[in-house]
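Heads up, the sequence shown is in my numbering, so the first residue is 1 and it goes up one at a time.
Take these hints with a grain of salt, some might be off.
Unchecked claim - Taking lysine-lysine and the DSS-like style, the derived pairs with C-alpha atoms no more than 25 angstroms apart in a straight line are:
#, residue 1, residue 2
1, 183, 150
2, 217, 124
3, 118, 214
4, 99, 146
5, 150, 197
6, 197, 183
The set of hints was computed from the structure by calculation and includes no laboratory data.
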Amino acid sequence: IDGYFDSIDADIWMLQEVRALPEQLPKGWNWPEGYTIHLHPAEKKGYSGVATLSRTPMEISQVGKAGQQDPNDSEGRVIVSTHGDFTCINTYLPSGSNKVERQQFKEAWMEEWRQFIKPYLKMKTPVIVCGDLNIAHTEDDIWNPKGNAKQSGFLPHEREWFSELLNDGWHDAFREYVGEGVKTYSWWSNRGQARVKDRGWRIDYFLLNPAAKKRVKSVSIKREGGLEISDHAPVILELED
Numbered sequence: 001i002d003g004y005f006d007s008i009d010a011d012i013w014m015l016q017e018v019r020a021l022p023e024q025l026p027k028g029w030n031w032p033e034g035y036t037i038h039l040h041p042a043e044k045k046g047y048s049g050v051a052t053l054s055r056t057p058m059e060i061s062q063v064g065k066a067g068q069q070d071p072n073d074s075e076g077r078v079i080v081s082t083h084g085d086f087t088c089i090n091t092y093l094p095s096g097s098n099k100v101e102r103q104q105f106k107e108a109w110m111e112e113w114r115q116f117i118k119p120y121l122k123m124k125t126p127v128i129v130c131g132d133l134n135i136a137h138t139e140d141d142i143w144n145p146k147g148n149a150k151q152s153g154f155l156p157h158e159r160e161w162f163s164e165l166l167n168d169g170w171h172d173a174f175r176e177y178v179g180e181g182v183k184t185y186s187w188w189s190n191r192g193q194a195r196v197k198d199r200g201w202r203i204d205y206f207l208l209n210p211a212a213k214k215r216v217k218s219v220s221i222k223r224e225g226g227l228e229i230s231d232h233a234p235v236i237l238e239l240e241d
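Given these sequences and hints, build the entire structure.
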């Protein structure tokens, strides 16, 4: 993982599903040099958690989104940070389940989070929402749309919610950059050689306010990135100075 951080050479990393408390990090392993790190783990060991790393000056303005669903953010899902004139909202949206209670939690959390980020649309400076949102928005974002139509993460009302998010004014950076009809994924199940067969979902996003949208230089998904350590691939956003 150390070499991979170096190869991407990003100024800011936003990680989701870190799944470790500080004392659980491997002995002898250190965060990449030159970065300020803010780790916001879940209270439960081995579960959830987000981290933001920055080699530019960073201030943490908020952790969690408040609201009735997990008001103290005990699952470690949101970090809001500022980097000069940029604001970054690192988010790990809950995954759903066949269990009704957990799916209801996800959907209530989604709507609270949507309202939480909405005021950032009005900012004149760039705002970048980055995260594993656990929803594939369109049929371009999933390998088998019909077969997954009843699966959490691709339910019709979840997809409609995502459309409403874009209608609010957020820009899906990757989709707008590559265009419709391009099926590139960011997550693959660990079962059935899904990654080898490219049977994936695009559930990792950069959502941009209008000020950030103007500065997009490129957006890409590094399919082989993190292959040995994660079932996700990194999504990379490059912005003009």
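Hints, one by one, checked against the model:
no., hint, verdict
1, 183 to 150, "holds, 20 angstroms"
2, 217 to 124, "holds, 19 angstroms"
3, 118 to 214, "holds, 19 angstroms"
4, 99 to 146, "holds, 21 angstroms"
5, 150 to 197, "holds, 22 angstroms"
6, 197 to 183, "holds, 13 angstroms"
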